[in-house]
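Colleague: One point on numbering: in the UniProt record's numbering, the residue at position 102 of the sequence shown is 102, and numbering is uninterrupted.
Rather than coming from a laboratory, the hints here were simulated on the basis of the structure.
Do not rely on the hints blindly, as some may be mistaken.
DSSO-like mimics (lysine-lysine), calculated; alpha carbons at most 30 Å apart, straight line [said to hold, decoys possible]: (1) K186 <-> K170; (2) K118 <-> K100; (3) K188 <-> K205; (4) K118 <-> K106; (5) K115 <-> K100; (6) K176 <-> K186; (7) K275 <-> K251; (8) K113 <-> K100; (9) K257 <-> K238; (10) K205 <-> K250; (11) K188 <-> K170; (12) K123 <-> K109; (13) K172 <-> K188; (14) K251 <-> K205; (15) K238 <-> K251; (16) K113 <-> K123; (17) K242 <-> K232; (18) K232 <-> K251; (19) K275 <-> K257; (20) K250 <-> K232.
Remember, it's a predicted structure, so these values are computed and weren't measured experimentally.
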Amino acid sequence: MDQSLKSEAKKSLLQLLPIINLKSTSLDQLIGILEGQLRVEKNSFLKHKAELQQLFIECISLIQSKQLNEQPKQQPPQPQPQQRQQPEQKINQNNNKITKEQTQEKEQKKETKAKENKINKNKKNKKASLNSFEFKENDLFENSDHSTKLSKPNPIIKKQFQNKKPEQQKEKEKEKQQEKEKEKEKEKEKIKKYQQPNEDIATQKMRQAIPGFIACLGNSCMVTENVFRNVKYVHIRKYFLKNGEWRPTKKGISFTKQQWNEFNSVIPQVQNTIKTKFK
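Construct the entire structure; sequences and hints are all you get.
Modeller: Given below as structure tokens:
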């Protein structure tokens, strides 16, 4: 880099750097600004990037030294009156803490007393209710003429009560057996439903789920149709369920219209051979 250019760049940098925010601007941006000020072609300073970087550092150090010289000499710090007041402030803070703690303790004591009073009141109320109940019972027995008769159990009533017990037990056992039989019948009906599913509902669901559905051959083997490049195809293919959707496997056969007709013509021969072999 020429010395004349270098000196011009240094002058312009000394003017620019105090104005520019160095934290937000990169080195490439500074080079671009220099090129604009010196009216030089774009990207002409990029070759001398290292030299310019040193120049920037020199200029920044010069500016900082000037700023330090210009600053007035600071007077020695005088002792502030607040420092003398610090121990007084600490004492006040401690007093405030003590008062807060005392108020908290008083509030806690009040709460505990209130809880104890509630518990004592509840206990007194319970005792009063029990005493009143005992008093009523005693009054009944004292006022009744048949108090002596009731005190002794009647043997006839005893026998009648003993005879009634087994009858009630038998009735309960019968009811339990009937309930068990009903539950067994319900379970049998459920099993029958699972063993013999409604084929119409299943086929309707498959027709909705599988596009071009024609029929189900059992064991999730489906007959479907579709059109590909203006040609109709009939597919016999194995399907499987995944995430509640029927999806076709690679196992299967596809027929065009001619192939299907030929297959239909061969079916009687196949049936005859199957009958002879699988007797």
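Colleague: None of the hints should be skipped; say for each whether it holds.
Modeller: Each hint, compared with the structure:
no. : hint          : result
1   : K186 <-> K170 : holds, 25 Å
2   : K118 <-> K100 : holds, 27 Å
3   : K188 <-> K205 : holds, 26 Å
4   : K118 <-> K106 : holds, 19 Å
5   : K115 <-> K100 : holds, 23 Å
6   : K176 <-> K186 : holds, 15 Å
7   : K275 <-> K251 : holds, 26 Å
8   : K113 <-> K100 : holds, 20 Å
9   : K257 <-> K238 : holds, 21 Å
10  : K205 <-> K250 : holds, 22 Å
11  : K188 <-> K170 : holds, 27 Å
12  : K123 <-> K109 : holds, 21 Å
13  : K172 <-> K188 : holds, 25 Å
14  : K251 <-> K205 : holds, 22 Å
15  : K238 <-> K251 : holds, 6 Å
16  : K113 <-> K123 : holds, 15 Å
17  : K242 <-> K232 : holds, 27 Å
18  : K232 <-> K251 : holds, 20 Å
19  : K275 <-> K257 : holds, 28 Å
20  : K250 <-> K232 : holds, 19 Å
Violated hints for the displayed structure: none, as all numbered hints are satisfied.
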